[in-house]
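Please put together the full structure from these sequences, using the hints given.
Protein chains: 2
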Amino acid sequence: MVVDMVNKAPIGVFDSGVGGLTVVKEIMNQIPGESIIYFGDTARLPYGSKSKKTVIRYTRQIVHFLMQKNVKAIVIACNTASAFALETVKSEIDIPIIGVVKPGAKVAAETTKNGRIGVIGTEGTIQSGIYSQILSKTNPKVEVFGKACPLFVPLVEEGLIDDPVTYEMTRRYISGLVDKDIDTLVLGCTHYPLLRKTIRKVVGNDINLVNPAYETAKSLTQVLSTYGLYNDSIAKTNHKFYVSDGAEKFKSFANTILPCEVVETKDINIEELG
Amino acid sequence: MVVDMVNKAPIGVFDSGVGGLTVVKEIMNQIPGESIIYFGDTARLPYGSKSKKTVIRYTRQIVHFLMQKNVKAIVIACNTASAFALETVKSEIDIPIIGVVKPGAKVAAETTKNGRIGVIGTEGTIQSGIYSQILSKTNPKVEVFGKACPLFVPLVEEGLIDDPVTYEMTRRYISGLVDKDIDTLVLGCTHYPLLRKTIRKVVGNDINLVNPAYETAKSLTQVLSTYGLYNDSIAKTNHKFYVSDGAEKFKSFANTILPCEVVETKDINIEELG
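Sequence order for the protein chains is A and Y.
The numbers in the first sequence follow my numbering, run straight up by one, and end at 274.
The numbers in the second sequence follow my numbering, run straight up by one, and end at 274.
Hints were generated in silico from the structure; no laboratory data involved.
Treat the hints with care, as some may be off.
[Claimed, not checked] When the alpha-carbon atoms are kept at most 20 Å apart in a straight line, the in silico SDA-like pairs for lysine to any residue are as follows:
1) A:Lys106 with A:Thr221
2) A:Lys52 with Y:Ala247
3) A:Lys251 with Y:Lys53
4) A:Lys251 with Y:Lys52
5) Y:Lys266 with A:Arg57
6) A:Lys201 with Y:Val165
7) A:Lys249 with Y:Lys147
8) A:Lys52 with Y:Ile268
9) Y:Lys52 with A:Lys53
10) Y:Lys25 with Y:Ser219
11) A:Lys102 with A:Gly129
12) A:Lys53 with Y:Ala247
13) A:Lys147 with Y:Arg57
14) Y:Lys249 with A:Ser51
15) Y:Lys53 with A:Glu272
16) A:Lys53 with Y:Asn269
17) A:Lys266 with Y:Arg57
18) A:Lys53 with Y:Glu248
19) A:Lys249 with Y:Pro150
20) Y:Lys53 with A:Glu271
21) A:Lys249 with Y:Lys53
22) Y:Lys53 with A:Asn269
Okay, here's the thing in structure tokens:
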């Protein structure tokens, strides 16, 4: 394949649903010249409570779908899939693939002052222990405190972003971490940056909130540069959005998050394609 | 097939997850001689926010799986699947199949005194308008008020059965229905009977709560009798439980709900089998 053609190829990004759009938003802001093919597995979400075996099977199907669309690199914009499936899938394909866990964990491990880091995420992400592993590898002195927050995703999807009920659940989930004297809190689920304001109210101003979506877009830029895949043409970008269910609902949510208008979203049957 | 063998065949029951166990419990209580094959589609739950097309596809796969297990009748123990897929699937198979919507709706329409009925359920069930249709067909004079309660399933699965947060969400979801002067409220999702106590606190003592799980078991008894499929042998029952993910987690939840001990739960890949 001609190098120039590879550079113009799109970047594949996927998540179990809409959460990964917070990563897409950061990619669009940081490297606006790149085209994105997004897949949201809305027919099978949420991934957070599913087993490793199942999440690996789903991830393989989606990676296969994105490869058929000739993407030049893939971002797993879902903490659970990054935790469970990244290492397995990485060895099976020949293009760069990154997850959201490592970039966020790396920044947290490098910037903590007292070495006490909190991580919040889905049941799957927290139980996997993936953040502890990567944080400890980057900085062996850190102590990690994890807490699963299973209601955060449904609360965001119900639109209760700034609400007393969300505040109360945030208080219950996070107060214990604040009591552990953490100075850094990793928002280890792509939905959670949308709750940043409520989380800030509970933790106060002295704790550093790490948003893996932002760090992942930075990491992607480095990977594209390393592999000579950066798109430096001035051609118009061509973003495409696919979901496994509810294309219209997805589109309206996407348009509240992204800096550009999502004109069309296609519904596909991932079980048959993947 | 010899009639006697059919009678000893099991009844197939399925749901998107654990909610359908409230129906299994009622079946076990009302017709304890029947064996049950249960399937919980835990890898793809929840169904409540999914489209009709997707829910029909999933239902077909599961019905196919249960037919392979030689069930004599099928109960769709999920309101969303009953609303979206029952009529379609009914015409495709040659054994009796019932859902949870009709039995609950029928009792509500027959017992209301002022003709004002509230229905709570998932987004899919409420938007389908299925309860309104069946209620109006049974009693053309009724007025139906529906309300989707998307956070109830996650709250139950988080174990917040009797909790201030659940009370507050119940108040928000249901107060509007109470203001409409309803005298009957249908718990139109198989998880909701588990919140009966909290719901009762919000609605007071004058509103009749209809539990479709109970009415469905009664309806199943009638169907078995009509088709001569009732098992009147005194042989030991042989219940079997299958899920598409997380067999161990399912088993422990099942053991808190059912009157008999669930010894084994099998994990199967419904996408490949169905």
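Going through the hints against the structure:
1. Proximity of A:Lys106 to A:Thr221 is assessed by CA-CA distance (about 16 Å); at most 20 Å being required, the pair is judged to hold.
2. A hinted pair counts as satisfied when its Cα atoms are at most 20 Å apart, and A:Lys52 with Y:Ala247 qualifies at roughly 13 Å.
3. With a C-alpha separation of about 18 Å, the suggested pair A:Lys251 and Y:Lys53 falls inside the 20 Å cut-off, and the hint holds.
4. With a C-alpha separation of about 18 Å, the suggested pairing of A:Lys251 with Y:Lys52 holds against the 20 Å cut-off.
5. A C-alpha spacing of about 18 Å is found between Y:Lys266 and A:Arg57, which places the hinted pair at or below 20 Å, so the restraint holds.
6. The hinted pair formed by A:Lys201 and Y:Val165 meets the criterion: a straight-line CA distance of about 18 Å does not exceed 20 Å.
7. Restraint check for A:Lys249 and Y:Lys147: the C-alpha separation of about 19 Å stays at or below 20 Å, so the hint holds.
8. Under the criterion of a C-alpha separation no larger than 20 Å, the hint pairing A:Lys52 with Y:Ile268 is consistent with the structure, at around 14 Å.
9. Distance check on the hinted pair: Y:Lys52 and A:Lys53 sit about 27 Å apart at the alpha-carbon level, beyond 20 Å; violated.
10. A hinted pair counts as satisfied when its Cα atoms are at most 20 Å apart, and Y:Lys25 with Y:Ser219 qualifies at roughly 14 Å.
11. As the CA atoms of A:Lys102 and A:Gly129 are separated by approximately 13 Å, the hinted pair is consistent with the 20 Å bound.
12. Our distance criterion of 20 Å between C-alpha atoms is met by A:Lys53 and Y:Ala247, whose separation comes to about 12 Å.
13. Between the alpha carbons of A:Lys147 and Y:Arg57 the distance comes to roughly 36 Å, so the proposed pair goes past 20 Å and is violated.
14. Taking the CA atoms of Y:Lys249 and A:Ser51, the gap is near 10 Å; set against the 20 Å cutoff, the hint holds.
15. Restraint check for Y:Lys53 and A:Glu272: the C-alpha separation of about 14 Å stays at or below 20 Å, so the hint holds.
16. Distance hint between A:Lys53 and Y:Asn269 is fulfilled; the C-alpha atoms sit about 11 Å from each other, no more than 20 Å.
17. Pair hint A:Lys266 plus Y:Arg57 holds up; C-alpha atoms about 18 Å apart against a cutoff of 20 Å.
18. Restraint check: the Cα-Cα separation between A:Lys53 and Y:Glu248 comes to about 14 Å, which is no more than 20 Å; the hinted pair holds.
19. The hinted pair formed by A:Lys249 and Y:Pro150 meets the criterion: a straight-line CA distance of about 15 Å does not exceed 20 Å.
20. For a cut-off of 20 Å, the pair hint linking Y:Lys53 to A:Glu271 stands: about 14 Å separates their Cα positions.
21. Between A:Lys249 and Y:Lys53 the alpha-carbon distance is near 15 Å, which keeps this suggested pair within the 20 Å criterion.
22. For the suggested pair Y:Lys53 and A:Asn269, the alpha carbons sit about 11 Å apart, so the restraint of at most 20 Å is met.
Of the numbered hints listed earlier, those contradicted by the structure are 9, 13.
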